[in-house]
Amino acid sequence: MAKTVEEDKQQKAFGWAATDPSGTLSPFYFSRRENGDEDVTLKILYCGVCHSDLHILKNDWGFTSYPIVPGHEIVGVATKVGKNVTKFKVGDRVGVGVLVGSCKTCECCQQDLENYCPRLIFTYNSHNPDGTKNYGGYSDMIVVDQRYVLLFPDNLPLDAGAPLLCAGITVYSPMKYYGMTEAGKHLGVAGLGGLGHVAVKIAKAFGLKVTVISSSAQKESEAIDRLGADSFLVSSDPAKIKSAIGSMDYIIDTVSAAHPLLPLLSLLKVNGKLVTLGLPNKPLELPVFPLVSGRKLVGGSDFGGMKETQEMLEFCAKHNIAADIELIRIDEINTAMERLAKSDVRYRFVIDVANSLSQ
Amino acid sequence: MPRLPEEEHPNKAFGWAARDSSGVLSPFKFSRRATGEKDVAFKVLYCGICHSDLHMVKNEWGTSVYPLVPGHEIVGEVTEVGNKVQNFQVGDRVGVGCLVGSCRSCGNCKDDLENYCPKTILTYGAKYYDGTTTYGGYSDTMVADEHFIVRIPDNLPLDAAAPLLCAGITVYSPLRYYGLDKPGLHIGVVGLGGLGHVAVKFAKAMGVKVTVISTSPNKEKEALENLGADSFLISRDQDQLQGASGTLDGIIDTVSAQHPVLPLLGLLKSHGKLVLVGAPEKPLELPVFPLLQGRKVVGGSLIGGLKETQEMIDFAAKHNVKPDIEVISMEYVNTAMERLAKADVKYRFVIDIGKTLKATS
Numbered sequence: 001m002a003k004t005v006e007e008d009k010q011q012k013a014f015g016w017a018a019t020d021p022s023g024t025l026s027p028f029y030f031s032r033r034e035n036g037d038e039d040v041t042l043k044i045l046y047c048g049v050c051h052s053d054l055h056i057l058k059n060d061w062g063f064t065s066y067p068i069v070p071g072h073e074i075v076g077v078a079t080k081v082g083k084n085v086t087k088f089k090v091g092d093r094v095g096v097g098v099l100v101g102s103c104k105t106c107e108c109c110q111q112d113l114e115n116y117c118p119r120l121i122f123t124y125n126s127h128n129p130d131g132t133k134n135y136g137g138y139s140d141m142i143v144v145d146q147r148y149v150l151l152f153p154d155n156l157p158l159d160a161g162a163p164l165l166c167a168g169i170t171v172y173s174p175m176k177y178y179g180m181t182e183a184g185k186h187l188g189v190a191g192l193g194g195l196g197h198v199a200v201k202i203a204k205a206f207g208l209k210v211t212v213i214s215s216s217a218q219k220e221s222e223a224i225d226r227l228g229a230d231s232f233l234v235s236s237d238p239a240k241i242k243s244a245i246g247s248m249d250y251i252i253d254t255v256s257a258a259h260p261l262l263p264l265l266s267l268l269k270v271n272g273k274l275v276t277l278g279l280p281n282k283p284l285e286l287p288v289f290p291l292v293s294g295r296k297l298v299g300g301s302d303f304g305g306m307k308e309t310q311e312m313l314e315f316c317a318k319h320n321i322a323a324d325i326e327l328i329r330i331d332e333i334n335t336a337m338e339r340l341a342k343s344d345v346r347y348r349f350v351i352d353v354a355n356s357l358s359q
Numbered sequence: 001m002p003r004l005p006e007e008e009h010p011n012k013a014f015g016w017a018a019r020d021s022s023g024v025l026s027p028f029k030f031s032r033r034a035t036g037e038k039d040v041a042f043k044v045l046y047c048g049i050c051h052s053d054l055h056m057v058k059n060e061w062g063t064s065v066y067p068l069v070p071g072h073e074i075v076g077e078v079t080e081v082g083n084k085v086q087n088f089q090v091g092d093r094v095g096v097g098c099l100v101g102s103c104r105s106c107g108n109c110k111d112d113l114e115n116y117c118p119k120t121i122l123t124y125g126a127k128y129y130d131g132t133t134t135y136g137g138y139s140d141t142m143v144a145d146e147h148f149i150v151r152i153p154d155n156l157p158l159d160a161a162a163p164l165l166c167a168g169i170t171v172y173s174p175l176r177y178y179g180l181d182k183p184g185l186h187i188g189v190v191g192l193g194g195l196g197h198v199a200v201k202f203a204k205a206m207g208v209k210v211t212v213i214s215t216s217p218n219k220e221k222e223a224l225e226n227l228g229a230d231s232f233l234i235s236r237d238q239d240q241l242q243g244a245s246g247t248l249d250g251i252i253d254t255v256s257a258q259h260p261v262l263p264l265l266g267l268l269k270s271h272g273k274l275v276l277v278g279a280p281e282k283p284l285e286l287p288v289f290p291l292l293q294g295r296k297v298v299g300g301s302l303i304g305g306l307k308e309t310q311e312m313i314d315f316a317a318k319h320n321v322k323p324d325i326e327v328i329s330m331e332y333v334n335t336a337m338e339r340l341a342k343a344d345v346k347y348r349f350v351i352d353i354g355k356t357l358k359a360t361s
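Just so you know, the protein sequences line up as chains E and Z, in that order. Here the first sequence is numbered in UniProt numbering, starting from 1 and rising by one per residue. Here the second sequence is numbered in UniProt numbering, starting from 1 and rising by one per residue.
If you're looking for bench data, these hints aren't it; they were derived computationally from the structure.
If you want the footprint, here are the derived chain Z segments under chain E, 3+ residues with CB under 8 Å:
| hint | stretch |
| --- | --- |
| 1 | 282 to 289 |
| 2 | 293 to 306 |
The list that follows gives simulated cross-link-like pairs (lysine-lysine, DSS-like), each with its CA atoms no further than 30 Å apart:
| hint | chain 1 | residue 1 | chain 2 | residue 2 |
| --- | --- | --- | --- | --- |
| 3 | E | 104 | Z | 209 |
| 4 | Z | 127 | E | 269 |
| 5 | Z | 110 | E | 242 |
| 6 | E | 204 | Z | 110 |
| 7 | Z | 119 | E | 185 |
| 8 | Z | 119 | E | 240 |
Here are the computed distance ranges between Cβ atoms for each label pair:
| hint | chain 1 | residue 1 | chain 2 | residue 2 | range |
| --- | --- | --- | --- | --- | --- |
| 9 | E | 182 | Z | 319 | 34 to 40 Å |
| 10 | Z | 151 | E | 176 | 40 to 46 Å |
| 11 | E | 237 | Z | 151 | 45 to 51 Å |
| 12 | E | 129 | Z | 63 | 54 to 60 Å |
| 13 | Z | 217 | E | 119 | 32 to 38 Å |
| 14 | Z | 341 | E | 240 | 39 to 45 Å |
| 15 | E | 237 | Z | 21 | 34 to 40 Å |
Every value quoted in this text rests on a predicted model; they were computed, and no experiment measured them. Every residue gets a Cβ at the ideal spot worked out from N, C-alpha and C, and that includes glycine.
In isolation and in its complexed conformation, chain E is listed as follows (with noise of 0.2 Å):
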């Protein structure tokens, strides 16, 4: 007879999972291994939720298979090291991101590349070696390999630095990639989200001039007074958006529904780059003729690698950056979704787990 989800592994677990596309989450009974060798097993404290979250709970991408238990921007302590663990120990506070394992012997393995890995196992909606499921950080604990876990600087806050593990790196990394860290330089942060506000606070440490393109006039003093930005474009205001053609050297796209990208090409100057990270479930629509009358580009970033990510976290520790959050119990999580789906956040939900989660 098949092992339940309960028995599957040797470690009872407790988190919230939706079971259909409804998303609706609710108590769920799963199984965590034990603590190998190389693993960290860590008591969950925080778990921020990304908008990915909602994507994969709904089904947006197609490929969500249920029971499902998000979130991947974990933090906690560690309550357990195998004996081939030398980078952490017992009480360290420590974090978990978008991944849990790679094949570490490819190419981008071999360059602390691991989010490029073609065997990539996510921290949830994945399925590990030997075909258990994965579930993420909606949890009371997680058992991760020492290569995924990352370890959080002391002046970091852990419930506002939870959302970096996503979020930050997931800004940070096309930042360092694209060049876009000479100070002076000017970039453009399209969309105001969990994403977005971090954008803009990494980049300013970096020495940019940044201005935030935003379909919400409403934020734009969110955006100069509380967030740092230089100036603040309402993009659907053709006027504005004339009036700053051709003035940025980089545009980091957020936005993750379908929107345009004629106007934010026309933003750029000669040789601009404009990455995107959101992530429509449509392809979007290209205009060839001013990628190549102005050698522009459009990258794509997927979060980060192990070390960058460690990197990442060290550079916001020293910046004294975290993200701007609202700390919620785990019964509140369904509400919390239907105002993620509105953008109705500043600017991510993080959960308290360890205060909320009881069985």
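Based on the hints, put chain Z in the right spot on chain E.
What follows is chain Z alone, placed relative to chain E:
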């Protein structure tokens, strides 16, 4: 009252022009400016036919002003130089490509990127600094500011050199800029026409492995045996595309018709680059997942600056990169345009101006 083209400037000139959007070319008398102190004037010997010429004579981009003398792959011999010209003398073998002017003071111009200057002056169909219309190389003489003149080395035949001035630089520049010029890399070239065949030759000269990607199976033998490509893929064959998935460091896409981007992204390795040098009129569909999951890039490129154009010509001379051409007489030009519209040329027509352009009285 506006002056006739023949009377605008002091030096008589003769060429062939399109009079309307039928695109049919016929003899045309006009004039060129007196050779200014920084100008180089030359007798035109050959002019390549670029697909852009066809778009322009038919006003497909909506910007054409008639009468239109096309031609921006122009080569010949210097006949006169202005008294401040430093780098050229009478008798030199020279060429002019797509540009005859730019602002010379913006950031792009200062970085030798005149091709990205917002005030570029195209070799034909544009307004020069003096307000007159520029006329291209389907003509007997040409005059241009020294800055926009390129020297053709002695060991490069003039007729084969002509297409380098547009097709050549258009593919050479992105191979360099996007880092697809390193020995041992593997690139794809989509479309085997004027641009595509030169891309194959440059890439091979750079030590890069080349796969030609085309819709026409009959081009395979040519690609492999004549052009030296390493392999060939039919872009409509799903099995072939699947078999080559994730093998390319970059792709130079020369196709200007609408075509799907997804299969091309699939051919790229992670961190691969798809470079578009053809410009389809309508937007392409860009599937985002493959872009993100492999940190891939889609970029564009437009001809090249003058410094890089000279570098490209010198590279071609050194490595014997010569476009494959069909030399035609001036009278054949309308037939050539019809054949070009059907891609019936291996791979560039070049007009033998020197021997076949006869001024009518």
